[in-house]
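Colleague: Below, each chain spelled out in residue letters.
2 protein chains.
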Amino acid sequence: MTVRRSGMNRRVILTSRPAGIAQAENFAIDELALEPLREGEVRIRNRFLSVDPAMRGWIADAGNYADPVPIGRVMRSLAVGEVVESRSRDWSEGDRVLGWFGWQEIATVTADAVVRRVVQTDLSPSLALGVLGINGVTALLALTMIGEPKAGETLLVSTAAGSVGSAVGQIGRLLGCRTVGIAGGSTKVRDCMGRFGYDAAIDYKAGKLDEAIARECPDGVDVYFDNTSGAVSDAVLPQLATGARVVVCGTAAIDRWNPWPTGPRVERHLLVKKARMQGFVVFDHMNRWEEAIAILAEWIREGKLDYSEDVLEGLEACPDAIAGLYRGENSGKRIIRL
Amino acid sequence: MTVRRSGMNRRVILTSRPAGIAQAENFAIDELALEPLREGEVRIRNRFLSVDPAMRGWIADAGNYADPVPIGRVMRSLAVGEVVESRSRDWSEGDRVLGWFGWQEIATVTADAVVRRVVQTDLSPSLALGVLGINGVTALLALTMIGEPKAGETLLVSTAAGSVGSAVGQIGRLLGCRTVGIAGGSTKVRDCMGRFGYDAAIDYKAGKLDEAIARECPDGVDVYFDNTSGAVSDAVLPQLATGARVVVCGTAAIDRWNPWPTGPRVERHLLVKKARMQGFVVFDHMNRWEEAIAILAEWIREGKLDYSEDVLEGLEACPDAIAGLYRGENSGKRIIRL
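Chains as they are written, first to last, in UniProt numbering: chain V, 1 to 338; chain G, 1 to 338.
Simulated from the structure, these hints should not be mistaken for laboratory data. One should not assume that every hint holds.
Note: identical chains are not told apart, hence a pair may lie in one copy or across any two.
[To be verified] Computed list of lysine to any residue pairs in SDA-like fashion (alpha-carbon distance at most 25 Å, straight line):
(1) K208 / D255
(2) K274 / V115
(3) K208 / I71
(4) K150 / P18
(5) K274 / G243
Since the model is a prediction, treat every value here as computed from it, not as a measurement.
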């Protein structure tokens with residue numbers, strides 16, 4: 001880990017646009033002198049940087065929720081850190097903040113880049129990127145707003161041991177659902193059954209996924225929380241219960257959308273089962289973040305909500321970090337500690 | 001048209017199960033003597049029989065909303081007629097009723113086969129099978145409950161000149177939407193623009209469907225009322241607006257679901273556009289039929305809601321009638337007059 005030089009900022013720059021998943025060679029690290037703060041700006045010393053599957057979309061050329069990151073610019077990311085200097089009346093030195101601070105050591109931003117003040121100061125600031133950030137908030141809001149789970153219903157979760165999925169499973173259980181997780185490999189399946197409290201867990205790499213779902217969801221799937229798309233979803237859709245809700249939260253199983261992949265048509269399942277399938281993006285619901293985070297934090301303090309973090313060290317770990325997510329090498333929320 | 005012999009009932013029997021769409025050779029017509037009514041039974045002289053795309057599903061082996069029609073039994077259908085004899089205290093001779101009376105001249109049923117009393121006696125009884133029956137009620141309820149159209153939004157309808165689609169387009173217009181219809185061939189496109197009042201109509205047989213949708217829906221599609229699935233839907237999904245709603249109402253473009261057909265994956269569209277896709281089956285909403293029919297009937301009396309009927313004559317027309325629907329030979333709601 002390189003030591004930061006005073007007055008300098010090291011940054012991870014997007015240097016080329018990948019066709020599929022961003023690889024290490026699509027980034028470079030540079031170093032730049034800090035300039036004096038201008039009126040309205042805030043300077044943040046980043047402590048933890050986020051690595052998210054959705055970053056693939058932020059790098060892609062078009063057709064996504066956000067404008068693509070321009071070539072030659074700092075990679076967009078959420079980060080958590082402390083205000084070290086402020087010329088904004090909204091923020092003061094020492095404030096712990098979450099925001100769009102990018103993959104760099106020092107962020108110099110206007111106040112609109114700050115997403116929120118991290119008020120849960122009794123808990124690790126890193127949680128603001130994961131279980132008390134987009135992952136946990138996504139899990140709670142998407143599950144309740146779109147999934148609408150009722151006690152006694154069967155909730156099936158893909159990437160069930162992941163940073164969103166593990167929270168979904170635990171929240172579903174707290175809401176009285178029978179929870180069934182789908183994950184890849186025996187370690188993740190063990191995590192599902194152990195720390196994440198699923199009633200059943202299925203290893204999709206073990207084969208016969210259809211049969212396993214039918215066995216673990218004998219009354220059908222009332223809520224399918226879909227983080228993957230792909231073959232896992234294709235096995236779930238025929239097993240939806242009448243009136244089922246499918247939360248479309250991620251498409252981790254799909255490497256690229258150009259050319260656009262095909263799969264079994266969903267219309268007939270939705271029609272026959274009178275089922276619903278709906279996309280969810282957590283940034284559409286900023287007005288509900290604090291409420292959601294307060295609930296999640298309380299569950300963590302009470303020991304009702306477990307989580308795992310996959311911590312990489314130093315800015316040098318950034319370039320390969322997204323590709324690593326898609327290689328499935330992380331267990332839990334991937335973050336970079338600076 | 002064969003004349004009915006007193007005391008006898010002619011019926012259309014399902015004799016074999018088709019792999020895809022039911023053809024004429026899957027049915028036979030027989031004649032049976034009527035037996036005396038038993039306590040609780042009602043006898044109805046059918047006047048109009050319904051022919052619906054959904055019948056394909058009622059004949060198929062499994063995996064549908066209803067149990068399949070057994071081999072050797074009268075083809076299930078809605079019909080409208082008059083009570084000619086009653087041993088049920090709920091019904092009297094002369095009552096005009098809609099119900100599950102089947103493809104036959106005389107239905108002898110228990111009272112639970114009666115769906116409703118047709119109270120709109122100022123209008124043709126045949127309408128109870130179409131615009132004042134499943135088609136119109138589907139259009140109104142599915143559009144409002146799932147489509148949730150708002151004034152100024154763009155509503156795109158597939159099979160836009162059909163018995164459901166034509167009502168959807170007109171209702172959407174009454175609700176203040178910009179309405180765009182997709183139909184096959186110049187006659188149907190002309191009907192869309194003329195009697196059904198669409199703001200724009202697209203002939204999918206003319207090619208370049210993507211470009212036509214982009215031209216007619218420049219701000220994207222807020223509500224897609226999908227009666228077809230297939231290539232038309234595949235062209236629509238990439239053009240959904242943010243927050244769009246897709247009403248999955250029918251899959252007329254798909255000949256068979258065995259083997260299950262594939263198509264472009266929908267998950268990414270739903271995710272990026274924060275869109276919803278949901279199936280609708282009108283029989284789940286029987287408690288709202290009378291309310292819906294009253295609204296639709298008033299629009300018809302006021303000249304605000306047009307419809308077309310495709311009337312075939314006599315029981316002999318039944319066996320080929322479903323196949324004809326899928327050959328696209330009807331214009332408007334297909335019914336059989338007895």
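Colleague: Each hint needs a verdict: does it hold in this structure or not?
Modeller: Verification of the supplied hints:
1. In this assembly of identical chains, K208 and D255 lie within 25 Å of each other by CA distance solely inside one copy; the values are 23 Å within and 29 Å between copies.
2. Within a single copy, K274 and V115 get their C-alpha atoms only as close as 38 Å, which misses the 25 Å cut-off; across copies the closest is 21 Å, which meets it.
3. Taking CA atoms no more than 25 Å apart as the test, K208 paired with I71 passes in neither setting, with 44 Å inside one copy and 34 Å between copies.
4. With identical chains, the CA atoms of K150 and P18 are never at most 25 Å apart, being 42 Å at best within one copy and 40 Å at best between copies.
5. Taking identical chains as interchangeable, the C-alpha atoms of K274 and G243 lie at most 25 Å apart whether they share a chain (5 Å) or sit on different chains (20 Å).
Violated hints, in rising order: 3, 4; the structure is consistent with all others.
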